[in-house]
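Engineer: Required output: the full structure, derived from the provided sequences and hints.
Order-wise, the sequence lines are chains A and B.
So for the first sequence, the working numbering puts the first residue at 8; every next one is plus one.
So for the second sequence, the working numbering puts the first residue at 8; every next one is plus one.
Don't take every hint at face value.
Intra- or inter-copy, both count: the list cannot distinguish identical chains.
[Stated by the list, open to error] DSS-like mimics (lysine-lysine), calculated; alpha carbons at most 25 Å apart, straight line: (1) LYS166 <-> LYS66; (2) LYS198 <-> LYS31; (3) LYS24 <-> LYS42; (4) LYS30 <-> LYS42; (5) LYS140 <-> LYS87; (6) LYS87 <-> LYS66; (7) LYS202 <-> LYS145; (8) LYS145 <-> LYS87; (9) LYS66 <-> LYS42; (10) LYS66 <-> LYS13; (11) LYS31 <-> LYS140; (12) LYS202 <-> LYS30; (13) LYS66 <-> LYS140; (14) LYS198 <-> LYS145; (15) LYS87 <-> LYS166; (16) LYS13 <-> LYS166; (17) LYS166 <-> LYS145; (18) LYS198 <-> LYS30; (19) LYS87 <-> LYS13.
Read the hints as simulated data drawn from the structure, not as lab findings.
Protein chains: 2
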Amino acid sequence: MIFTSKLIEDAVEAFCKLPGIGKKTALRMVLHLLKEQPEVTSMFTERIQRMRDDIRFCKECNNIADTDICSICENPSRSKELICVVENFRDLITIENTGQFSGVYHILGGLLSPLEGIGPDQLYISQLVERVKQHQPKEIIMALSPTIEGDTTVYYIGKQLKGTNVLISGIARGIAFGGELEYTDEITLGKAIAKRLPVDVLQH
Amino acid sequence: MIFTSKLIEDAVEAFCKLPGIGKKTALRMVLHLLKEQPEVTSMFTERIQRMRDDIRFCKECNNIADTDICSICENPSRSKELICVVENFRDLITIENTGQFSGVYHILGGLLSPLEGIGPDQLYISQLVERVKQHQPKEIIMALSPTIEGDTTVYYIGKQLKGTNVLISGIARGIAFGGELEYTDEITLGKAIAKRLPVDVLQH
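Structural biologist: What follows is the structure, encoded as structure tokens:
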């Protein structure tokens, strides 16, 4: 696609780098911004830039946060006795939106995958083990996608936590094997959290 | 949807204001930028902001331009004898990409629509008439969408240009009535430009 303006071309290219955006869609966005008042673009770029500049990761749970400790860990009405272990921020948000969970979270930042070369050192597993040993929660819920990588991660973390008194549970099956946690409907996911079972029961 | 970070929430909202972007898609974009190096976001916001700040409109043809005169009007190999009249920048780009047109353009900025309250004063019609009178091109091609608004605009411009010697042609039919010019395939559109006919022949 030929453009008659380098400024437009650069802006279209910038949008195209975002996931799922092709040239036609990118051009529509650029022309939309051009049609609106200049303040609309300033507010857009400022918000994106401020988000990238100021975002931090919670020192407790690795959640995306505006301050050193995220709003969930900081909230006194959330139970520190119950830690829900998730793969990433999107899964945390999905669970949070079921309204079924009142504990705190721990974000691993991925799942163990020997095939893709993702080992324990690339994930926030040692921090989880450290956290369990230090704060001694009653239970950790493994809310990982029911895939081979998810199950491997649950198994590995279980081994690392041997010797502690924490109960390790997994969210109840009801999600198809190989399914993506993010796209599960809220009712199913809410029930799956409410009906969680010990890992032994789940995997045998 | 609840987010645990105001920074994320603001950035998601900013993306949601763009056409066709919902909350899930916006969140995917925000998380994509968070995953990449900070420079990726800086380059993104800088390009968008620079585009909005520095863009101008060509004094000749009303095209989007980086300078006072757009790259097409400035190009000495483009024939000034032939002016292609289009509704907007997207239609110009679509025609430009057929590679069938070597003249210059004139962007109207819309079509006459009494129902939507769009009259001649809101469009760049008087500038076109002025341009024709001043530069006396041989022909103007009306490359407007074949809708009632398009035909009305062609008719109105034709009346304004009475008394000048310019030939007014329209791109050959081959595009369905009510169709959107932007989504026409390049071969059909290229042929339609090559086989253009005088307005009288087209409309009777």
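Engineer: If a hint holds in the structure, say so; if it does not, say that too.
Structural biologist: Verification of the hints:
1. LYS166 <-> LYS66: within (24 Å within a copy, 72 Å between copies)
2. LYS198 <-> LYS31: Classified as between: cross-chain Cα gap 22 Å, same-chain 41 Å, threshold 25 Å.
3. LYS24 <-> LYS42: both (22 Å within a copy, 13 Å between copies)
4. LYS30 <-> LYS42: Both. Shortest intra-copy (18 Å) and inter-copy (22 Å) distances satisfy the 25 Å Cα cut-off.
5. LYS140 <-> LYS87: Classified as within; 13 Å inside a copy, 79 Å across copies.
6. LYS87 <-> LYS66: The answer is within: 15 Å in one copy meets 25 Å, while 65 Å across copies does not.
7. LYS202 <-> LYS145: within (17 Å within a copy, 78 Å between copies)
8. LYS145 <-> LYS87: Result: close within a single copy only, 9 Å intra versus 80 Å inter.
9. LYS66 <-> LYS42: The answer is between: 18 Å across copies meets 25 Å, while 43 Å in one copy does not.
10. LYS66 <-> LYS13: between (43 Å within a copy, 18 Å between copies)
11. LYS31 <-> LYS140: Intra 53 Å, inter 36 Å, cutoff 25 Å: neither.
12. LYS202 <-> LYS30: neither (46 Å within a copy, 29 Å between copies)
13. LYS66 <-> LYS140: within (16 Å within a copy, 71 Å between copies)
14. LYS198 <-> LYS145: within (21 Å within a copy, 73 Å between copies)
15. LYS87 <-> LYS166: Cα proximity of LYS87 and LYS166: one copy only (22 Å, versus 77 Å across).
16. LYS13 <-> LYS166: neither (57 Å within a copy, 37 Å between copies)
17. LYS166 <-> LYS145: So LYS166 and LYS145 pass the 25 Å test inside one copy only (17 Å; across, 83 Å).
18. LYS198 <-> LYS30: between (41 Å within a copy, 24 Å between copies)
19. LYS87 <-> LYS13: between (54 Å within a copy, 23 Å between copies)
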